[in-house]
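Peer 1: What follows is the residue order along each chain.
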Amino acid sequence: MARALITMPPTAKKGEVVEIRTLIAHPMETGYRRGDDGSVLPRNLIRRFTCVYDGETVFSAELFAAVAANPLISFSTVATASGTLTFTWDGDDGFAQTERVAITVT
Amino acid sequence: MSHRTGPPIRTATRRAVLNGALGLGLSLVIRPAAGTSAPSLESAIRVFASEAPVKVGRVLLDVAPLVENGNAVPITITVESPMTAADHVRRIAVFNELNPQRDVAVFTLGPRAGRARVATRIRLATSQRLVAVAQMSDGTYWQHAVDVIVTLAACIES
Numbered sequence: 091m092a093r094a095l096i097t098m099p100p101t102a103k104k105g106e107v108v109e110i111r112t113l114i115a116h117p118m119e120t121g122y123r124r125g126d127d128g129s130v131l132p133r134n135l136i137r138r139f140t141c142v143y144d145g146e147t148v149f150s151a152e153l154f155a156a157v158a159a160n161p162l163i164s165f166s167t168v169a170t171a172s173g174t175l176t177f178t179w180d181g182d183d184g185f186a187q188t189e190r191v192a193i194t195v196t
Numbered sequence: 003m004s005h006r007t008g009p010p011i012r013t014a015t016r017r018a019v020l021n022g023a024l025g026l027g028l029s030l031v032i033r034p035a036a037g038t039s040a041p042s043l044e045s046a047i048r049v050f051a052s053e054a055p056v057k058v059g060r061v062l063l064d065v066a067p068l069v070e071n072g073n074a075v076p077i078t079i080t081v082e083s084p085m086t087a088a089d090h091v092r093r094i095a096v097f098n099e100l101n102p103q104r105d106v107a108v109f110t111l112g113p114r115a116g117r118a119r120v121a122t123r124i125r126l127a128t129s130q131r132l133v134a135v136a137q138m139s140d141g142t143y144w145q146h147a148v149d150v151i152v153t154l155a156a157c158i159e160s
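Chains as they are written, first to last, in my numbering: chain A, 91 to 196; chain B, 3 to 160.
What the hints contain is simulated information worked out from the structure, not anything from laboratory work. Keep in mind that a hint or two might mislead.
To be verified - Listed below are several chain B residues computed to face chain A (Cβ distance under 10 Å; list not exhaustive):
(1) 60
(2) 62
(3) 65
(4) 66
(5) 73
(6) 75
(7) 76
(8) 98
(9) 147
(10) 151
(11) 153
(12) 155
All C-beta atoms, glycine included, are put in the ideal place defined by N, C-alpha and C.
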């Protein structure tokens with residue numbers, strides 16, 4: 091399990107735009123670099139990130155080699171109802187991680 | 003006689019030198035594009051926009067014009083849009099000019115995003131041009147290009 095950090099307010103008013111910042115520990119190895127022995131380091135990237143809010147995908151991203159290591163993704167969503175936001179990162183070598191954060195909407 | 007032939011010879015030489023310089027300049031301009039096997043920035047944008055015209059405006063790609071460390075360059079893309087069900091941003095893509103690959107990231111948004119603003123951190127292999135392209139719900143494409151100078155490049159040291 092990679093370390094993931096999700097910053098978002100725990101509560102929000104209905105209809106308010108909530109800013110979400112996600113950070114995950116990952117090398118994002120490009121597949122273009124060479125190691126100390128001269129061999130090409132195999133590509134190891136997070137390819138896809140999705141945020142599902144109460145069963146609906148509100149945001150997703152496709153990432154390529156040009157995204158820096160430990161990818162930070164900042165976006166926003168409208169607080170519609172109290173529930174859970176599910177964050178998923180998928181990548182090479184079967185990398186998959188899911189984090190859940192609850193939000194209370196008043 | 004010799005003083006009469008002097009000037010034409012000098013003119014010819016000057017012309018030859020200028021032509022040579024021009025030719026050298028052109029070859030220098032053309033070489034980087036011909037040398038790389040990856041598609042050009044323009045063709046990558048054309049593929050993303052599926053040949054539709056891409057207008058300038060509505061998109062703001064915020065990135066420092068002078069970057070010290072190319073390994074992690076913060077970028078923020080903001081698109082002018084009310085983000086309603088009828089009028090919203092569908093996708094935002096970021097492309098680079100001189101990294102090994104043209105694609106940087108593609109973000110998929112919708113009316114539930116509330117605000118068309120995304121931020122991330124990227125790698126830049128050298129000083130180059132970055133382009134952010136937004137696809138609106140009405141099918142139009144908008145872009146903003148920024149030239150960035152990088153002092154310490156990413157992925158140079160092995």
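Peer 1: Which of the listed hints are broken here?
Peer 2: Those not satisfied are hints 1, 2, 3, 4, 9, 10, 11, 12.
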